[in-house]
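Asks: If you're matching them up, the sequences are chains A and B in order. Position 139, counted from 1, in the first sequence is what UniProt numbering calls 139; the numbers after and before it change by one each time, with no gaps. Position 27, counted from 1, in the second sequence is what UniProt numbering calls 27; the numbers after and before it change by one each time, with no gaps.
Treat the hints as calculated values from the structure; they're not laboratory data. This structure is a prediction, so every number in the text was calculated from the model and none was measured. Every residue, glycine too, gets a C-beta built ideally from N, C-alpha and C. One or more of the hints may lead you astray.
Unchecked claim - Which stretches of chain B does chain A cover? Using the computed rule of at least three CB atoms under 8 Å from a CB of chain A, they are:
no., segment
1, 8-14
2, 20-29
3, 69-77
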Amino acid sequence: METSFIKSLSEIVGAQYTLSDPESLACYGYDSTPELQSRPGVVVLPGSSEEIAKVLALCNGAGVRVTPRGSGTNLSGGSISFDAGVVLQTSRMNRIIEIDEENLTATVETGVITSTLHREVEAKGLFYPPDPGSMNISTMGGNVAENSGGLRGLKYGVTDDYVMGLKTILADGEVLKTGGKVVKDVAGYNLNQLLVSSEGTLGVFSEVIVKLIPKPQAKKTMLVHFPQLEQAALTVSHIIAARIIPATLEFLDRTTIKCVEDYAHVGLPLDVDAVLLIEVDGHPAQVEEDAAGIREICERHHCSFFQTAASPEEALKLATARRVALSALARVRPTTILEDATVPRSCIAPMVKLIQDTAKKYDLLIGTFGHAGDGNLHPTCLTDERNPDEIRRAHQAFGEIFEATIAMGGTITGEHGVGVAKKKYLPKLVGESGLRVMRGIKGAFDPRGTLNPGKIF
Amino acid sequence: MDYVKLINCMRCGMCLPHCPTYKESFLETASPRGRVALVRKFQEGELVESEKFLEYVSLCLDCQACASACPCGVNAGELVAEFRCERKQEQGLSTMEDLILRKLVPHPDRLEAATAPLRLYQRTGLQKVVRSLGLLKVFPSALGRMEGLLPKLPAAPLRQTISEVTPAVGEQKGTVGFFLGCVMSLIFSEASLATVELLSTLGYKVVTPKDQKCCGAPNMLGHDIDGLKDAARFNTDLFQSQELDFVVTDCGGCGAELKKYGHHLDGEVAATAFSTKVRDISEILAAEAGTLKDKLKPLPLKVTYHDPCHIAHCQGIRSQPRALINLIPGIDFRELPEADACCGSAGTYNIEKPEMSDRVLSRKVQNVQKTGADYLVTSNPGCLLQLKKALAEATPAVKVIHLTELLQMSLNA
Numbered sequence: 001m002e003t004s005f006i007k008s009l010s011e012i013v014g015a016q017y018t019l020s021d022p023e024s025l026a027c028y029g030y031d032s033t034p035e036l037q038s039r040p041g042v043v044v045l046p047g048s049s050e051e052i053a054k055v056l057a058l059c060n061g062a063g064v065r066v067t068p069r070g071s072g073t074n075l076s077g078g079s080i081s082f083d084a085g086v087v088l089q090t091s092r093m094n095r096i097i098e099i100d101e102e103n104l105t106a107t108v109e110t111g112v113i114t115s116t117l118h119r120e121v122e123a124k125g126l127f128y129p130p131d132p133g134s135m136n137i138s139t140m141g142g143n144v145a146e147n148s149g150g151l152r153g154l155k156y157g158v159t160d161d162y163v164m165g166l167k168t169i170l171a172d173g174e175v176l177k178t179g180g181k182v183v184k185d186v187a188g189y190n191l192n193q194l195l196v197s198s199e200g201t202l203g204v205f206s207e208v209i210v211k212l213i214p215k216p217q218a219k220k221t222m223l224v225h226f227p228q229l230e231q232a233a234l235t236v237s238h239i240i241a242a243r244i245i246p247a248t249l250e251f252l253d254r255t256t257i258k259c260v261e262d263y264a265h266v267g268l269p270l271d272v273d274a275v276l277l278i279e280v281d282g283h284p285a286q287v288e289e290d291a292a293g294i295r296e297i298c299e300r301h302h303c304s305f306f307q308t309a310a311s312p313e314e315a316l317k318l319a320t321a322r323r324v325a326l327s328a329l330a331r332v333r334p335t336t337i338l339e340d341a342t343v344p345r346s347c348i349a350p351m352v353k354l355i356q357d358t359a360k361k362y363d364l365l366i367g368t369f370g371h372a373g374d375g376n377l378h379p380t381c382l383t384d385e386r387n388p389d390e391i392r393r394a395h396q397a398f399g400e401i402f403e404a405t406i407a408m409g410g411t412i413t414g415e416h417g418v419g420v421a422k423k424k425y426l427p428k429l430v431g432e433s434g435l436r437v438m439r440g441i442k443g444a445f446d447p448r449g450t451l452n453p454g455k456i457f
Numbered sequence: 001m002d003y004v005k006l007i008n009c010m011r012c013g014m015c016l017p018h019c020p021t022y023k024e025s026f027l028e029t030a031s032p033r034g035r036v037a038l039v040r041k042f043q044e045g046e047l048v049e050s051e052k053f054l055e056y057v058s059l060c061l062d063c064q065a066c067a068s069a070c071p072c073g074v075n076a077g078e079l080v081a082e083f084r085c086e087r088k089q090e091q092g093l094s095t096m097e098d099l100i101l102r103k104l105v106p107h108p109d110r111l112e113a114a115t116a117p118l119r120l121y122q123r124t125g126l127q128k129v130v131r132s133l134g135l136l137k138v139f140p141s142a143l144g145r146m147e148g149l150l151p152k153l154p155a156a157p158l159r160q161t162i163s164e165v166t167p168a169v170g171e172q173k174g175t176v177g178f179f180l181g182c183v184m185s186l187i188f189s190e191a192s193l194a195t196v197e198l199l200s201t202l203g204y205k206v207v208t209p210k211d212q213k214c215c216g217a218p219n220m221l222g223h224d225i226d227g228l229k230d231a232a233r234f235n236t237d238l239f240q241s242q243e244l245d246f247v248v249t250d251c252g253g254c255g256a257e258l259k260k261y262g263h264h265l266d267g268e269v270a271a272t273a274f275s276t277k278v279r280d281i282s283e284i285l286a287a288e289a290g291t292l293k294d295k296l297k298p299l300p301l302k303v304t305y306h307d308p309c310h311i312a313h314c315q316g317i318r319s320q321p322r323a324l325i326n327l328i329p330g331i332d333f334r335e336l337p338e339a340d341a342c343c344g345s346a347g348t349y350n351i352e353k354p355e356m357s358d359r360v361l362s363r364k365v366q367n368v369q370k371t372g373a374d375y376l377v378t379s380n381p382g383c384l385l386q387l388k389k390a391l392a393e394a395t396p397a398v399k400v401i402h403l404t405e406l407l408q409m410s411l412n413a
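From just these sequences and the hints, can you work out the full model?
Replies: Pasting the structure below:
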C-alpha cells in the first residue's frame with residue numbers, strides 16, 4: 001500500500017488509528033475461521049459515521065478495496081482482506097445511543113458488544129434475544145452483517161427478526177437510512193432485510209435500531225439423556241408438534257458427550273446417543289405446563305434420565321455440558337473446524353447419522369452438537385492443520401455433508417455466513433437465478449466492487 | 001517453545017473481552033489472540049523481533065484473564081512470558097538485571113538492608129519534606145511513581161521479628177509452613193501477622209523458616225528462568241526438611257509461583273510434592289469455615305472484593321475469599337463489577353507501562369466506587385500497593401485491606 005494513501009487515511013481517522021506496521025497487519029490477517037489468512041494493506045479504526053464515510057469515499061475513488069470488521073469472530077473468512085486492501089474495524093464506535101422504553105427499541109452504534117446490549121436492556125426489564133456463541137465479544141454491526149443466530153433462535157428468531165432500522169454508509173461514502181422505530185413500514189423495497197446478512201458487501205453499518213421485547217418472567221431448565229438417537233430426534237419433533245416452543249432445545253451427540261465427560265466430568269453416561277438441554281421461559285404458569293408436557297413426551301420416547309433444575313444454580317449446572325461442548329471438543333486436537341449445516345428439524349436424526357457415517361468413511365473425528373430445535377447443527381471436525389492429508393479428507397467429508405444438507409432441503413450455513421469458506425457451495429443452493437439477482441443487487445449498491453470483494457459469490 | 005501450544009489457539013476471540021489492554025485499546029495487537037499470533041509468526045519466521053514487536057508483546061500484563069476465558073486451554077499470558085524467557089536466555093541478563101535478580105532479590109538480608117533507608121526516610125519525616133516540596137518532580141518519573149506507591153512501612157521486616165514456631169491455640173490440628181513473601185514481609189507485615197493468628201487460632205502450629213528466599217516471581221517477571229529455578233530448588237529443600245501438612249502463603253503472587261515449582265523444575269519429584277502442598281490462605285480458612293464462623297464477631301461494614309489475577313486466574317480461587325467474607329456476621333458484601341479484571345499493578349508493570357496501567361487502574365477505581373463499599377478487600381501485595389494509592393487519591397473513605405486483616409478484625413471485635 002502506498003505511503004501517500006496511508007497518510008490520507010490517517011488524516012481522516014488519526015495516526016494512532018491507522019495501522020500499517022507488519023505486526024499489526026499480521027494480527028489483522030485472520031478472523032475465527034480455521035486455515036484462512038491474508039494480510040491487509042492497512043487497518044483503520046474510524047470513530048464516527050463521518051469518518052467511515054470519508055474512508056469509504058477515499059477508497060472508492062482510488063479503487064482500493066475495503067473489508068469491514070467488528071471483533072473478528074467471523075467463521076467464514078468474511079472479515080479477512082484477501083487482496084491486501086483496507087480492513088475497517090468498527091470497535092471504537094461502541095456507544096448505546098438510546099434505549100427507548102416507550103417504543104421498545106434500542107439504538108446502538110455498530111461496535112457495541114452484543115452482551116453489553118443484553119445487560120443494559122435486561123436491567124430495564126427488557127430483552128434482546130439473539131445470543132450467538134460469540135456474544136461476549138461480537139459486535140452488533142457484525143451480527144447484522146452475518147444475521148447471527150444463537151441458542152434462542154427456535155422461539156425468538158435471529159438477528160433479522162429484531163432489526164428495525166439501519167444507518168449504512170455506502171461504498172461511495174453516501175449515507176443510507178432504512179427503516180426506523182415504526183413497526184409497520186411498507187414504503188418501497190424492504191432494504192433493512194436486504195442489508196441484514198449482506199456480509200459487508202453492500203455497505204458498512206454505523207448505527208442499528210433493534211426491537212426489544214419484555215423479559216420473560218420465569219424459566220425452567222431440563223437435561224435429558226436418550227440411549228437412542230432416533231428417540232431424541234422424535235422427541236424434538238413431538239415437542240414442537242405438541243405446540244410447545246422451548247426457548248432452547250440443544251443437542252449433543254455421542255462423540256461430543258464423550259469429549260465433554262473427559263474434559264468436565266459432569267457425570268454424563270458414555271452409553272447414550274444423545275443429550276438434550278431444554279429451556280422453557282415465559283409466564284410462570286405457562287412454564288410449569290410446558291415443562292410437564294416436555295417431561296411426558298421425553299418419557300414416552302424412552303429417555304433414560306430426566307432432570308429439572310430446582311434453582312438457578314442448578315440450571316447453570318445442567319447447562320454446563322452444552323456450555324462447554326465447544327471447549328471440550330476444541331481441546332482434543334489442535335485444529336477445530338466448526339460448521340453450521342442446517343436442515344429442517346424433522347431431518348435431525350438422518351442428518352446426525354449421515355455426519356457420523358461420513359466421519360467414519362473419511363476416518364475423522366467429528367462431534368456434533370447444536371440447536372436441534374431449529375435444525376441448526378454444528379458438526380465439529382477435530383483435526384491438525386499440520387496433517388495435509390487429514391485436512392483434505394475433512395474438506396471432502398464436509399463437501400458430502402453440505403450436499404446432503406441441500407438434498408434434505410436445508411442450507412449450507414445457518415448462522416456463520418458464506419464468506420469465502422462456503423462460496424463454492426452457494427451456486428448449488430441458490431442456482432443461477434439466485435446468483436444473478438445477488439450480483440444485480442451488489443452492482444446497485446457498490447458498482448465499483450469496493451466493499452468486501454470476493455465474499456459470498 | 002512447544003509449537004502445538006501456539007497452534008492450539010483457534011482464534012475464536014473469547015479472550016478479547018477479558019483482556020484489560022484490549023478493552024482499553026480495541027487493538028488486536030494488544031489482545032491475547034493477537035499476542036499468540038505474533039509469537040507464532042515469529043516462530044514461523046514471518047516476523048522479526050522489531051521494536052514494535054517487543055512493544056506489543058510487553059504490553060501484556062500477564063494477568064492471565066485470557067487463560068480463564070480460553071475454550072481451548074491456551075494461556076496466552078504464559079506463552080508470552082515463556083517466549084520472553086526464551087529470548088532472555090539467548091541474550092543473557094543485563095548488568096542491572098543481574099544485580100537485581102541475582103545479587104539482590106534472592107538474598108533476604110540484602111533486600112531488607114536495601115529497603116532500610118526507605119524506612120528511615122519515612123520515620124525521620126524526610127518523606128513529608130520531600131513530598132511537600134514537590135522534590136520528586138525533579139527525579140525521573142519512574143522513581144516518582146515508586147515513591148508514591150510506598151505506604152507506611154513497618155518498623156522492621158516481619159522475617160526478622162516473627163518467631164520460627166507459633167504454637168497452635170488449643171488442640172493442635174496440624175502443622176503448616178508459612179511462606180512469607182518479600183513484599184508481605186517488608187511492607188504488609190500486619191496482614192501476615194493476622195494470617196498467623198488466624199492459623200494458630202484454628203489449631204495449626206505455624207512454622208516460619210527464617211532462611212526462606214524470594215519465591216522467584218521477580219525472576220519470572222524479569223524472564224530469568226535460571227534464577228527462578230534456583231529459588232524453586234532452595235525453597236523446596238528448605239520446606240521439605242520440615243514435617244508439614246501444608247505450605248501456606250497470603251501472597252497471591254507467591255502462591256501462584258510456588259504451585260508451579262514442579263512445572264518449573266520439569267516435574268522433579270520433590271518440587272512437585274512441594275507444589276501440591278501449597279495453599280493460599282483463603283483455601284485453608286475456607287476449608288475450616290465451620291470452626292472459623294463460631295469465632296467471628298459482627299462487623300457492620302460494607303465490603304467488596306477484588307480478585308488478584310494471581311489468585312483468580314493463576315490459581316482458580318474465586319469462591320473461597322467471598323465465602324470467608326460472608327462468614328462475618330453483619331457484613332454487607334457487595335460484588336465488584338469486573339472483580340477479576342487486573343488492577344494494573346502486575347509486578348512492575350505500573351512502573352514500566354504507566355500509561356496503560358493508569359487506564360486499567362482507573363476502570364477498577366470506578367468499579368469500586370460503584371459498589372458504595374467502605375472496605376475493599378484483596379489478597380495480594382501488588383494489588384494492595386496499587387489500590388491503596390489509587391483509592392487514597394480518588395476516594396479516601398474507602399480503606400484497602402488484606403483478607404486476613406478483615407477476618408482478624410472480626411475475630412477480635
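Asks: For the segment 8-14 of chain B, count the residues whose Cβ lies under 8 Å from any Cβ of chain A; is that count three or more?
Replies: With 6 residues closer than 8 Å to chain A, the segment 8-14 of chain B meets the three-residue bar; holds.
Asks: For the segment 20-29 of chain B, count the residues whose Cβ lies under 8 Å from any Cβ of chain A; is that count three or more?
Replies: Since 4 is at least three, the answer is holds.
Asks: Three residues or more, CB to CB closer than 8 Å: is that satisfied between the segment 69-77 of chain B and chain A?
Replies: holds (count 3)
Hint violations for this structure: none, all hints satisfied.
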